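*Asks:* One-letter residues, chain by chain:
2 protein chains.
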Amino acid sequence: MNPASRPRGVYSPVVTPFSNDLQPDHDRFLRHCRWLIEQDVGLAVFGTNSEANSLSVDEKKRLLDTLVSAGLPVERMMPGTGCSALTDSVELTRHAIASGCRHVLMLPPFYYKGVSDDGIFRSYAEIIERVGSDALRIYVYHIPQVSQVALGLPLIDRLLKAYPRIIAGVKDSGGDWDHTQAMLERFQPQGFDVFAGNETFLLATMRGGGAGCITATGNVNPAAIVDLYRDWQAADADARQQALDAIRAVFAKFPMIPALKGALGIYSQDEGWGVVRPPLVALNDEQRAALKDALANAHFAMPGIEAALA
Amino acid sequence: MNPASRPRGVYSPVVTPFSNDLQPDHDRFLRHCRWLIEQDVGLAVFGTNSEANSLSVDEKKRLLDTLVSAGLPVERMMPGTGCSALTDSVELTRHAIASGCRHVLMLPPFYYKGVSDDGIFRSYAEIIERVGSDALRIYVYHIPQVSQVALGLPLIDRLLKAYPRIIAGVKDSGGDWDHTQAMLERFQPQGFDVFAGNETFLLATMRGGGAGCITATGNVNPAAIVDLYRDWQAADADARQQALDAIRAVFAKFPMIPALKGALGIYSQDEGWGVVRPPLVALNDEQRAALKDALANAHFAMPGIEAALA
Numbered sequence: 011m012n013p014a015s016r017p018r019g020v021y022s023p024v025v026t027p028f029s030n031d032l033q034p035d036h037d038r039f040l041r042h043c044r045w046l047i048e049q050d051v052g053l054a055v056f057g058t059n060s061e062a063n064s065l066s067v068d069e070k071k072r073l074l075d076t077l078v079s080a081g082l083p084v085e086r087m088m089p090g091t092g093c094s095a096l097t098d099s100v101e102l103t104r105h106a107i108a109s110g111c112r113h114v115l116m117l118p119p120f121y122y123k124g125v126s127d128d129g130i131f132r133s134y135a136e137i138i139e140r141v142g143s144d145a146l147r148i149y150v151y152h153i154p155q156v157s158q159v160a161l162g163l164p165l166i167d168r169l170l171k172a173y174p175r176i177i178a179g180v181k182d183s184g185g186d187w188d189h190t191q192a193m194l195e196r197f198q199p200q201g202f203d204v205f206a207g208n209e210t211f212l213l214a215t216m217r218g219g220g221a222g223c224i225t226a227t228g229n230v231n232p233a234a235i236v237d238l239y240r241d242w243q244a245a246d247a248d249a250r251q252q253a254l255d256a257i258r259a260v261f262a263k264f265p266m267i268p269a270l271k272g273a274l275g276i277y278s279q280d281e282g283w284g285v286v287r288p289p290l291v292a293l294n295d296e297q298r299a300a301l302k303d304a305l306a307n308a309h310f311a312m313p314g315i316e317a318a319l320a
Numbered sequence: 011m012n013p014a015s016r017p018r019g020v021y022s023p024v025v026t027p028f029s030n031d032l033q034p035d036h037d038r039f040l041r042h043c044r045w046l047i048e049q050d051v052g053l054a055v056f057g058t059n060s061e062a063n064s065l066s067v068d069e070k071k072r073l074l075d076t077l078v079s080a081g082l083p084v085e086r087m088m089p090g091t092g093c094s095a096l097t098d099s100v101e102l103t104r105h106a107i108a109s110g111c112r113h114v115l116m117l118p119p120f121y122y123k124g125v126s127d128d129g130i131f132r133s134y135a136e137i138i139e140r141v142g143s144d145a146l147r148i149y150v151y152h153i154p155q156v157s158q159v160a161l162g163l164p165l166i167d168r169l170l171k172a173y174p175r176i177i178a179g180v181k182d183s184g185g186d187w188d189h190t191q192a193m194l195e196r197f198q199p200q201g202f203d204v205f206a207g208n209e210t211f212l213l214a215t216m217r218g219g220g221a222g223c224i225t226a227t228g229n230v231n232p233a234a235i236v237d238l239y240r241d242w243q244a245a246d247a248d249a250r251q252q253a254l255d256a257i258r259a260v261f262a263k264f265p266m267i268p269a270l271k272g273a274l275g276i277y278s279q280d281e282g283w284g285v286v287r288p289p290l291v292a293l294n295d296e297q298r299a300a301l302k303d304a305l306a307n308a309h310f311a312m313p314g315i316e317a318a319l320a
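Sequence lines, in order, name chains W and B. The numbering of the first sequence is our numbering, which starts it at 11 and goes up by one. The numbering of the second sequence is our numbering, which starts it at 11 and goes up by one.
Since the hints were derived computationally from the structure, they do not count as laboratory data. All of these numbers come straight from a predicted model, not from anything done at the bench. It is possible that some hints are incorrect.
One copy or any two copies: either way a pair holds, since identical chains are not told apart in the list.
Straight-line Cα separation of at most 25 Å, DMTMM-like style, residue types lysine to aspartate or glutamate; simulated pairs [said to hold, decoys possible]:
no.	residue 1	residue 2
1	Lys71	Glu136
2	Lys71	Glu296
3	Lys171	Asp248
4	Lys71	Asp246
5	Lys123	Glu296
6	Lys123	Asp188
7	Lys302	Asp68
8	Lys123	Asp255
9	Lys123	Asp186
10	Lys71	Asp50
11	Lys123	Asp31
12	Lys171	Asp31
13	Lys263	Asp167
14	Lys123	Glu139
15	Lys263	Asp128
16	Lys171	Glu139
17	Lys263	Asp186
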């Protein structure tokens with residue numbers, strides 16, 4: 011792979027559509043992924059907002075197979091492969107590599123709490139050794155408010171020293187700009203790519219020398235987020251950031267994953283998008299109407315979505 | 011199954027031994043389970059202290075197969091079958107039922123945080139409907155300090171009303187006696203069996219009409235815990251409880267799972283017991299020596315363990 015294909019820009023943890031009987035809906039998934047790729051949004055499938063941890067390893071493997079078989083570009087995929095169980099993480103990462111995806115986003119194991127840096131290091135190291143591929147590039151996934159397992163700077167430093175090529179970057183979803191900035195200053199110059207965990211820090215991340223963002227709202231507002239990524243040095247960049255923030259704030263008033271799926275349903279005229287797996291709950295009628303109104307009031311649009319998802 | 015085989019007494023979340031290359035060690039596992047059964051400790055395999063969430067569904071299925079094939083009594087097993095992914099929980103629960111185990115201990119899905127009671131209810135309900143077995147008996151697993159997903163009284167009440175025979179009890183590992191007591195008063199009279207999450211609440215739970223305890227230290231101190239369960243109405247019950255608490259307190263000074271495995275290694279003279287999967291870390295030499303001294307000072311013994319695990 012040439013350096014030009016190193017991940018940069020905007021990625022989205024692609025929401026996973028389900029049929030009414032809660033099976034992954036491969037057709038809707040493929041159409042949505044194709045629409046994202048057309049707008050230059052990379053596919054961070056199997057992220058938190060993908061309900062990835064409500065899917066079995068086999069379900070994730072089959073969903074990835076669907077994308078690869080359909081010819082979507084593997085160099086624009088960054089599947090989430092970090093599971094609670096070591097052997098699941100190894101199996102899913104191997105499958106990603108065998109499918110041609112070399113970039114993976116990897117949660118630390120997330121059931122046990124209060125684990126040590128030694129234990130987290132050992133987890134990543136075991137996965138790297140067992141997968142045993144020089145092609146592998148791991149983006150570690152820092153989302154302590156959900157995983158409850160933080161990836162601090164000393165741990166990242168240690169991983170980088172042990173696996174300087176394989177440990178390739180981070181998705182920082184912690185919401186703490188100081189942490190993002192510290193990684194930009196300390197690790198980005200070593201070629202460790204820092205992605206903001208959502209677009210509210212996109213401009214700051216680009217100004218700090220980072221690689222882009224991996225954001226839930228990339229599922230619904232891809233074009234505008236990609237525009238800011240491309241034009242972050244433009245004179246009106248701050249105004250564009252504010253416009254992105256305003257749309258994000260609408261979604262943030264609702265449970266995020268049901269709201270993303272709700273918006274896809276509303277704008278594509280396909281109610282089937284609303285289904286979520288337990289333990290999540292779909293928007294109720296009142297929430298859905300409120301989301302619709304709030305997005306209309308914010309002049310939100312999803313150009314082309316109806317045709318793309320039809 | 012006759013009512014006499016309804017689970018009562020002392021269960022242990024059986025620690026899962028691993029080979030040096032971190033594979034589940036079926037031989038050591040079987041020997042340990044047999045030793046526990048001989049002392050009338052039930053097998054709550056695949057609990058938190060079993061490192062269950064560091065094992066794949068297939069690994070757990072094969073470990074259960076080993077016990078069942080060896081003829082260990084299925085009516086004394088209560089495998090943990092609650093996973094992060096709905097489909098994993100369904101698969102593992104179906105396998106337990108197909109193996110003849112009707113009692114399962116079930117965590118709620120534990121990746122997503124801040125989920126609603128509606129979502130947790132829907133998760134249990136979907137699993138029950140998909141497994142579709144009248145034989146199934148679910149013991150819900152309340153361990154909010156680890157799972158970060160609490161099972162409150164209104165949720166349990168709702169589950170009991172919807173599935174009065176299938177929702178059979180709880181393991182309460184929350185460490186909050188008020189919560190245990192409230193369940194004993196409100197639900198135990200309905201036949202919902204309350205198990206304390208460790209033996210420090212065993213006597214109080216028995217006095218409150220509960221069913222027993224499911225405890226990590228059952229792995230190492232089975233006989234004494236079973237004795238208190240049997241003789242909880244004896245004159246010296248409080249003194250026995252204090253003796254159990256003193257041993258528990260020694261283990262609680264160390265990371266629990268590595269300490270349990272460390273003690274099994276020390277007392278069985280089989281160092282192979284010390285291996286844990288990441289993200290856990292085995293006791294280091296200093297910790298191991300400190301554990302050995304502290305247990306000796308507490309006059310701790312594991313009669314018969316050397317022969318049993320040889």
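*Asks:* Run every hint past the structure and note whether it holds.
*Replies:* Cross-check of the supplied hints:
1. With identical chains, the CA atoms of Lys71 and Glu136 are at most 25 Å apart both within one copy (21 Å) and between copies (23 Å).
2. Proximity of Lys71 and Glu296 under a CA criterion of 25 Å is satisfied in neither setting, with 36 Å inside one chain copy and 43 Å between copies.
3. In this assembly of identical chains, Lys171 and Asp248 lie within 25 Å of each other by CA distance neither inside one copy nor across copies; the values are 36 Å within and 55 Å between.
4. In the homo-oligomer, the alpha carbons of Lys71 and Asp246 never lie at most 25 Å apart, since the shortest distance is 42 Å inside one protomer and 58 Å across protomers.
5. Proximity of Lys123 and Glu296 under a CA criterion of 25 Å is satisfied inter-copy only: 23 Å between copies versus 37 Å inside one chain copy.
6. For the homomeric pair Lys123 and Asp188, the shortest alpha-carbon distances inside one copy (24 Å) and between copies (24 Å) are both at most 25 Å.
7. With identical chains, the CA atoms of Lys302 and Asp68 are never at most 25 Å apart, being 35 Å at best within one copy and 43 Å at best between copies.
8. In this assembly of identical chains, the alpha carbons of Lys123 and Asp255 lie at most 25 Å apart only when taken from different copies (24 Å versus 33 Å within one copy).
9. In this assembly of identical chains, the alpha carbons of Lys123 and Asp186 lie at most 25 Å apart whether taken from the same copy (20 Å) or from different copies (19 Å).
10. In this assembly of identical chains, the alpha carbons of Lys71 and Asp50 lie at most 25 Å apart only when taken from the same copy (23 Å versus 42 Å across copies).
11. For the identical chains of this complex, Lys123 and Asp31 are inter-copy neighbours only, at 23 Å across copies versus 33 Å inside a copy, given an alpha-carbon limit of 25 Å.
12. Only between protomers do Lys171 and Asp31 lie at most 25 Å apart by alpha-carbon distance; the minimum there is 24 Å, versus 46 Å within a single protomer.
13. Taking the closest pair of Cα atoms, Lys263 and Asp167 never come within 25 Å of each other, the shortest separation being 36 Å inside a single copy and 30 Å across copies.
14. Taking identical chains as interchangeable, the C-alpha atoms of Lys123 and Glu139 lie at most 25 Å apart only when both belong to the same chain, with a minimum of 24 Å there against 31 Å between chains.
15. For the identical chains of this complex, Lys263 and Asp128 are inter-copy neighbours only, at 19 Å across copies versus 38 Å inside a copy, given an alpha-carbon limit of 25 Å.
16. Taking the shortest Cα distances, Lys171 and Glu139 sit within 25 Å of each other inside one copy (15 Å), while across copies they are farther apart (49 Å).
17. In this homomeric assembly, Lys263 and Asp186 come within 25 Å of each other (Cα to Cα) only inside a single copy, at 20 Å, whereas the closest approach across copies is 33 Å.
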